[in-house]
Amino acid sequence: MSTSTAEGRLLRYVDALQEAFAQEMARDESVFLFGLDVDDHKSIQGSTRGLLQEFGPERVFTTPLSEDAMTGMAIGAAMAGMRPIHVHIRMDFLLLCMNQLVNIAAKAHSMYGGSVKVPLVVRSMVGKSWGQGAQHSQALHSLFMHIPGLKIVAPSNAHDAKGCMIAAIRDDNPVLVMEHRLLYGTEAYVPEAPFEVRPGRARVVGPGDDITVVAISNMVPECLRARDLVAEVGISAEVIDPVWLQPLDIDSLLASARRTRRLLVADNAWLPCGASAEIIAAVLERAGPDAGIMVRRIGFAPVTCPPSPPLEAAFYPNPGTVASAIHAMVRPAAPAWQPDPERTRLSYQSSFCGPF
Amino acid sequence: MNPENRGDSDTQTIVRLYRRMRLIRHLEEEIARVYPTDKIKSPIHLSIGQEFIAVGVCDVLTAKDRVSITYRGHAAYVAKGGDLRALVAEMYGKRTGCAKGRGGSMHLIDMDAGVIGASAVVGTNIPVAVGFALAAKRQRSGQVTVCFLGDGATEEGCFAESLNFAALHKLPILFVCENNGYAIHEPLSKRWATDRLVERVATYGIPADRISDGSLTTVRARAAEAITAMRAGAGPAFLEVLCYRWQEHVGPNRDYDQGYRSADELAPWKADDQVARLADRIEPALRARIDAEIRVQVAEAFTFAEASPFPEPEELYEHVYS
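Protein chains in written order, with full-length UniProt numbering: chain L, 1 to 356; chain Y, 1 to 322.
Source of the hints: derived by calculation from the structure; they are not laboratory data.
None of these values were measured; they are calculated from a predicted model.
Watch out, some of these pointers could steer you wrong.
Using 30 Å as the maximum straight-line C-alpha spacing, the simulated DSS-like pairs for lysine-lysine come out as follows [said to hold, decoys possible]:
no., chain 1, residue 1, chain 2, residue 2
1, L, Lys117, Y, Lys64
2, L, Lys117, Y, Lys137
3, Y, Lys170, L, Lys117
4, Y, Lys64, Y, Lys137
Chain L extracted, bound-state conformation (with noise of 0.2 Å):
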């Protein structure tokens, strides 16, 4: 398990990812970056920002709208030695890419006996809020952890969106970074200086003794609200982020929930055959039958997500549910409770509106 950092500036998630293209294209020629609108006047919120004027149209470049092929295309040019990058607006597009996913980038370094690696990274973000709806909102990092072969990453802040990008740029396996729309105007510190954040470590980013809480993506800043809510009833709330989601670092979440013997998976998702569901899984096989652990899933509710504010609001979890959720698991004996809804709200998501 590793410890956050302090080093660095502040410095944007949505900076924080452009910067990790930038010095990564600079470091070695054989990275390149595309999909759909990279190379336009919004570069895709700014995160591909002066890499075209930088690093020239034969490494910064669209597409036709054709997700396999693409998707098939940067797979082949990985084989041959290549380091795409495959670009895509919103995680629900990758439906359109899970053959060549699944099938070809996932099995080719198994399939064809270790003689070809597909050094491949395939970023797309999660959208959440004003008008997302049913096909803008989808995080299906679940669907992709099913299958051996592919590694998940699910940055949560500037630093890891930084570090982790370069580490999936560095790997020799194909990796989905998934980035969430609703962080890119978080700041965190950031060293400026090219660093990894490796794959298959966790990460405490809050400490707490009577029940650990696993968060995911955007789920973090939630649950580290709902922390500070529960503190002020004088719960103490461990917040893990796992960081990547293939390999997961099973070890450091099971050490927290030994010890505190309660665990709260917070998922940015549905709940079924979900990542949430894995992680209960996996740490109570490990801990054994005698460990006593209590677990908890909170994530979507089981319904395609809706653009009309209540209905969205009562379809996501959120600082308040998660605060309800820890207070009902450590004191199953008292009355319900919850915070003043108030104090839920979350500045960066209240503040994003659209059109993107």
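With chain L's structure known, arrange chain Y on it following the hints.
What follows is chain Y alone, placed relative to chain L:
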């Protein structure tokens, strides 16, 4: 002096092509013969009758060039110079296989020979081949990529997507459609609104040619033209080559008694068998010597495969991640 090197270059070419054709034909006949013993534990898709396409195309490639092959890929693998012993060992599931027993007949690969891998999901290899072509262009390596695909693959969305992208970026890739008229057991008439495939392809600005005479010589000549243009900087090209699958879709047998096709369809193709056509043009003594050498070569590959060890169970977890 090696008798194969005597005479004009035409004769040398004929002998070279015959060797390849005979090798592939004999290899696959041996695979079919051995298959009922269950020593080969892999679904085999034989290319008997279709070999002339792979042999004609690969004859005009250099060792550095690449071919992307289909699950019916034994012919192209061998035609490009893929390791014969590793192919047979792969079908036996042995550690010495070209994919160390992790691929099987449908996932042949030999990167050293420029065989960049086969996929069992139809059409999936097409964009991957385009990626190799993109890399070759970016790396200025001068390598050409040939993407073999079947008629069924042209119905997949990624086929159109790949053509468009390859044309847009003027990539050095030759698409070769081996049109044997059937996707598993379904004929073109049940799958294509029209058979004007080359017209469809041509709308992307890709030179597209249909070869319907079943001739190795024609395939080789058209491929040579396309590859020469590509080496001079022209973009992609497309060849549709009509052919016929003599054996069943998967397995070692004939299946003309199954009702979905008639042996009458086979007759004209068999009468114009390109292996026999080439054989007729080689003097009998030389031909007999080549045939004998090929029998030894193929027998040796099977002996190698049989003698090779299986992977150990603990090797299961290797090569999941690199």
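**Request:** Please name the hints from earlier in the document that this structure breaks, with their numbers sorted from lowest to highest.
**Result:** Hint check: nothing fails, all pass.
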